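Chemist: The chain contents come next:
There are 2 protein chains.
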Amino acid sequence: MAMDAVIEQLRTQEPVFKNMLAEMLSIPSVSTLPEHKPDMERMADWLAHRMQEAGLEHVAVMPSDGNPMVYGDWLHAPGKPTVLVYGHYDVQPADPLDEWISPPFEPRFDGDYVYARGASDMKGQVFAQLMATQALLANKDCPVNLKYLIEGDEEIGSPTLEAFLQQHKELLACDVVLNCDTNIHAPDSPSISYALRGLAYFEFEVTVPKQDLHSGAFGGSIRNPIHVVCELIAGMHDTEGHIMLPGFYDTVRAMDDEERALLKQTPYSDDEWLALSGAPGLFGETGYSTLERIGARPSLDINGIWGGFQGAGAKTVLPARAGAKLSMRLVPDQKLADVAAQLRQYFEENAPPECRWELRTLSLGPGAVMDRKSPYMQAAVEALATVFGKAPFFRRQGVSVPVVGMIQELLGVDSIMLGFGLPDDNIHGPNERQSLPLLFKGMETYARFLAALDAAN
Amino acid sequence: MAMDAVIEQLRTQEPVFKNMLAEMLSIPSVSTLPEHKPDMERMADWLAHRMQEAGLEHVAVMPSDGNPMVYGDWLHAPGKPTVLVYGHYDVQPADPLDEWISPPFEPRFDGDYVYARGASDMKGQVFAQLMATQALLANKDCPVNLKYLIEGDEEIGSPTLEAFLQQHKELLACDVVLNCDTNIHAPDSPSISYALRGLAYFEFEVTVPKQDLHSGAFGGSIRNPIHVVCELIAGMHDTEGHIMLPGFYDTVRAMDDEERALLKQTPYSDDEWLALSGAPGLFGETGYSTLERIGARPSLDINGIWGGFQGAGAKTVLPARAGAKLSMRLVPDQKLADVAAQLRQYFEENAPPECRWELRTLSLGPGAVMDRKSPYMQAAVEALATVFGKAPFFRRQGVSVPVVGMIQELLGVDSIMLGFGLPDDNIHGPNERQSLPLLFKGMETYARFLAALDAAN
Chain A
1 MAMDAVIEQL RTQEPVFKNM LAEMLSIPSV STLPEHKPDM ERMADWLAHR
51 MQEAGLEHVA VMPSDGNPMV YGDWLHAPGK PTVLVYGHYD VQPADPLDEW
101 ISPPFEPRFD GDYVYARGAS DMKGQVFAQL MATQALLANK DCPVNLKYLI
151 EGDEEIGSPT LEAFLQQHKE LLACDVVLNC DTNIHAPDSP SISYALRGLA
201 YFEFEVTVPK QDLHSGAFGG SIRNPIHVVC ELIAGMHDTE GHIMLPGFYD
251 TVRAMDDEER ALLKQTPYSD DEWLALSGAP GLFGETGYST LERIGARPSL
301 DINGIWGGFQ GAGAKTVLPA RAGAKLSMRL VPDQKLADVA AQLRQYFEEN
351 APPECRWELR TLSLGPGAVM DRKSPYMQAA VEALATVFGK APFFRRQGVS
401 VPVVGMIQEL LGVDSIMLGF GLPDDNIHGP NERQSLPLLF KGMETYARFL
451 AALDAAN
Chain B
1 MAMDAVIEQL RTQEPVFKNM LAEMLSIPSV STLPEHKPDM ERMADWLAHR
51 MQEAGLEHVA VMPSDGNPMV YGDWLHAPGK PTVLVYGHYD VQPADPLDEW
101 ISPPFEPRFD GDYVYARGAS DMKGQVFAQL MATQALLANK DCPVNLKYLI
151 EGDEEIGSPT LEAFLQQHKE LLACDVVLNC DTNIHAPDSP SISYALRGLA
201 YFEFEVTVPK QDLHSGAFGG SIRNPIHVVC ELIAGMHDTE GHIMLPGFYD
251 TVRAMDDEER ALLKQTPYSD DEWLALSGAP GLFGETGYST LERIGARPSL
301 DINGIWGGFQ GAGAKTVLPA RAGAKLSMRL VPDQKLADVA AQLRQYFEEN
351 APPECRWELR TLSLGPGAVM DRKSPYMQAA VEALATVFGK APFFRRQGVS
401 VPVVGMIQEL LGVDSIMLGF GLPDDNIHGP NERQSLPLLF KGMETYARFL
451 AALDAAN
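Quick mapping for you: the protein sequence lines, in order, are chains A and B.
Counting in this note's numbering, the first sequence runs from 1 upward without gaps.
Counting in this note's numbering, the second sequence runs from 1 upward without gaps.
Possibly wrong hints are sitting among the right ones.
Which copy is meant is left open, because identical chains are indistinguishable; a pair holds if it fits in one copy or across any two.
To be verified - Each computed SDA-like pair below joins lysine to any residue, with the alpha-carbon atoms no more than 20 Å apart: (1) Lys-315 - Phe-204; (2) Lys-315 - Asp-271; (3) Lys-140 - Gln-397; (4) Lys-315 - Glu-203; (5) Lys-390 - Ser-189; (6) Lys-335 - Gln-345; (7) Lys-140 - Val-381; (8) Lys-80 - Asn-145; (9) Lys-210 - His-76; (10) Lys-373 - Glu-358; (11) Lys-210 - Glu-41.
None of these hints come from the bench; they were simulated from the model.
Since the structure is predicted, the reported quantities are computational estimates derived from the model, not experimental observations.
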């Protein structure tokens with residue numbers, strides 16, 4: 001079959017691919033730093049050229065309110081599914097620079113790895129997917145319609161994506177999204193994430209006296225804002241790890257027995273998780289396993305807290321104010337606006353009258369759960385099983401990829417999360433890397449996935 | 001009577017006094033800054049000379065492990081009480097310098113005030129007391145024996161005083177201490193503080209993971225150290241403001257009805273206290289008035305808290321550790337060692353097993369309550385009433401002056417707290433000042449107090 005030719009082509013082109021990937025990784029497309037604006041445009045142009053070379057049509061660098069979007073399509077499979085490939089060409093800043101063994105934008109090939117900012121998150125994945133498409137199109141063996149949307153603002157929270165999706169609904173209409181912005185469990189253990197948690201992030205501050213006071217003179221006669229903050233935070237969970245915001249669990253979708261059984265098949269152990277965290281013990285909501293706690297149940301964490309004197313030694317201050325940052329990871333069918341309202345209600349009901357408080361929303365990003373039984377998901381399972389010689393397991397991830405929920409809402413389709421990073425790739429950190437053998441397996445998987453979609457209509 | 005001559009002499013010498021006080025205030029005797037070491041010696045010498053001029057004998061600058069102690073005595077009233085005058089010649093650092101209207105060590109006389117670091121805390125008080133003694137001795141009208149102990153390390157917590165007191169118990173033996181390191185309630189409202197709270201200061205830190213983790217990946221599966229810190233802090237009080245450390249109130253000495261009635265006579269209102277604090281409301285232990293809460297009841301305050309991300313914006317971190325500074329104000333008969341043990345027991349009983357914690361003691365300073373009915377106290381009441389034309393009221397203060405408790409323990413005597421600063425003198429802050437009319441009233445009060453002690457034997 002023609003797939004053999006596609007795979008053969010991918011394997012013989014390894015040296016070419018490495019050079020091309022190195023070129024891509026050497027462009028410092030850091031979206032958050034204004035001085036890299038020209039690099040963002042250079043990166044978008046580079047990508048548009050590669051997409052054209054791959055055989056895509058209507059390739060365009062499209063303006064947005066932020067960095068440009070790169071679009072392309074190939075729509076010559078009438079009656080067959082249309083796949084929208086989502087990715088991003090921007091990367092995180094590289095600092096701390098002095099912790100990098102080699103410069104972050106001078107890709108270094110060492111053994112099985114390439115080291116560079118963006119190697120795993122996610123230029124490597126975008127590149128692998130594009131090369132798979134190129135091989136398919138070159139061999140006239142692409143059985144589905146393809147659309148590409150590669151954005152340049154993902155690392156700053158995709159602030160322009162929602163408006164762009166709304167504006168170009170028809171252009172981007174599709175049956176399923178292929179999102180390569182993810183990893184697999186381990187090199188010999190393929191996985192598919194079918195659920196991602198939403199993220200709601202807040203900040204609050206409690207004020208009592210108008211200025212810092214002497215704790216000897218005033219202690220015991222007015223509220224201490226640190227105490228108030230701590231009492232509010234302590235009251236957000238009960239001793240069994242349940243979140244106590246009013247109505248918080250009302251809309252949380254329960255897992256059915258099948259799904260719970262499925263999650264149990266994850267090659268995972270509490271001992272390994274404990275070792276990975278370095279904590280003296282695990283703890284979470286009573287009645288749920290660790291995998292359920294991080295994947296299928298909402299969580300609430302204080303990400304930062306401050307107040308009073310933090311220096312060395314003793315200062316007897318009763319501070320004017322104290323505050324904290326708070327984020328929640330949300331699961332279906334929790335609504336972002338609901339939890340924001342529940343948090344506000346909690347403050348209204350629990351903050352004592354002898355203080356002033358302020359609660360600010362910093363960001364709200366939706367979560368998503370995908371249909372594990374869709375033909376698209378089955379195509380991904382099939383492709384992974386063929387390439388890795390082992391069926392992938394399904395996992396719920398605790399992390400958030402807001403674009404997946406955004407696409408569900410605006411385009412009405414699921415995303416198949418298929419990427420070939422690894423958990424220890426140091427994404428967002430120094431010495432980010434990508435396994436090359438895995439990247440080549442990824443190319444093959446992408447090609448087989450698209451081919452398998454033929455039957456998914 | 002001879003007292004008239006003493007008062008007359010004090011009044012006519014005002015210009016001389018102002019020059020001498022300016023000289024004293026211009027020596028930057030900042031105990032905490034090593035570069036001022038020569039100034040400390042200069043200050044001690046200056047003081048020794050003034051004490052000699054005042055007619056004291058055996059004047060000596062005595063070495064200690066810190067800055068020198070200045071001693072002097074006059075012991076020519078056999079069978080009469082011996083008064084130990086305690087004071088300190090060191091001052092707080094003057095920063096922030098740019099907030100001073102005139103340089104902190106160039107005394108500025110403006111209207112009723114002299115502005116300089118140490119004017120109120122407490123060179124002004126030491127000076128006033130010494131001038132009173134000088135006038136008494138010059139008029140051969142000192143009816144009691146006098147000893148002086150002026151230290152140079154009070155502003156850094158009197159670290160060498162305890163050893164010095166132990167070493168020189170006989171030299172310093174006395175019937176009562178006159179401690180001038182305090183203020184009065186208002187210019188027209190004399191007061192005597194007869195109770196000071198003890199101070200125990202701690203720091204603790206809770207660690208869960210070995211390093212900061214991603215709150216999406218791990219949130220809900222391990223303890224968040226910020227939550228643990230907040231739960232521990234929240235549990236330290238109940239909703240009625242009681243402190244929940246095990247056995248905390250067991251030794252707290254209750255006030256009797258007489259004392260409660262006495263405190264009610266304080267010219268004080270909750271509205272004023274509320275306005276002074278700027279808080280939206282008062283809050284404290286159920287069943288006690290504000291004055292009782294700050295004066296007669298122990299309190300526990302978190303003075304600082306930290307953990308996780310404190311910058312602008314959002315970071316989804318589950319931090320490795322969080323911590324806080326905690327201090328308690330203690331009342332008779334609470335023992336410092338007991339409350340330290342109670343706090344440790346509280347941690348042992350309440351910190352969850354899935355975390356590590358560390359608790360450190362930073363300082364322990366005793367409180368004190370003086371006998372309001374002693375003849376020494378009566379002498380002070382009498383002197384204040386004569387000079388201010390109004391009987392002083394008794395107050396319990398929330399603040400701590402550890403030397404008072406230390407002297408009670410080691411020398412077995414009470415301290416009469418008699419000083420003429422005001423609550424708004426900005427001690428420890430920029431533009432510290434001292435009211436001159438009040439300082440001259442103070443000289444007269446000191447003279448009348450010592451004279452009145454004649455009857456106190």
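Chemist: Taking the hints in turn, state whether each one holds.
Modeler: Results of checking the hints against the structure:
1. Lys-315 - Phe-204: For Lys-315 and Phe-204, the Cα distance is within 20 Å only across copies (15 Å; inside one copy 24 Å).
2. Lys-315 - Asp-271: The answer is neither: 42 Å in one copy and 27 Å across copies each exceed 20 Å.
3. Lys-140 - Gln-397: neither (36 Å within a copy, 89 Å between copies)
4. Lys-315 - Glu-203: between (26 Å within a copy, 11 Å between copies)
5. Lys-390 - Ser-189: Only inside one copy: Lys-390 and Ser-189 sit 7 Å apart there, 88 Å across copies, limit 20 Å.
6. Lys-335 - Gln-345: within (15 Å within a copy, 43 Å between copies)
7. Lys-140 - Val-381: neither (24 Å within a copy, 106 Å between copies)
8. Lys-80 - Asn-145: within (7 Å within a copy, 110 Å between copies)
9. Lys-210 - His-76: neither (69 Å within a copy, 54 Å between copies)
10. Lys-373 - Glu-358: The answer is neither: 45 Å in one copy and 50 Å across copies each exceed 20 Å.
11. Lys-210 - Glu-41: Neither, since 50 Å and 40 Å both go past 20 Å.
Hint compliance for this structure: hints 2, 3, 7, 9, 10 and 11 are not met, and every other hint is.
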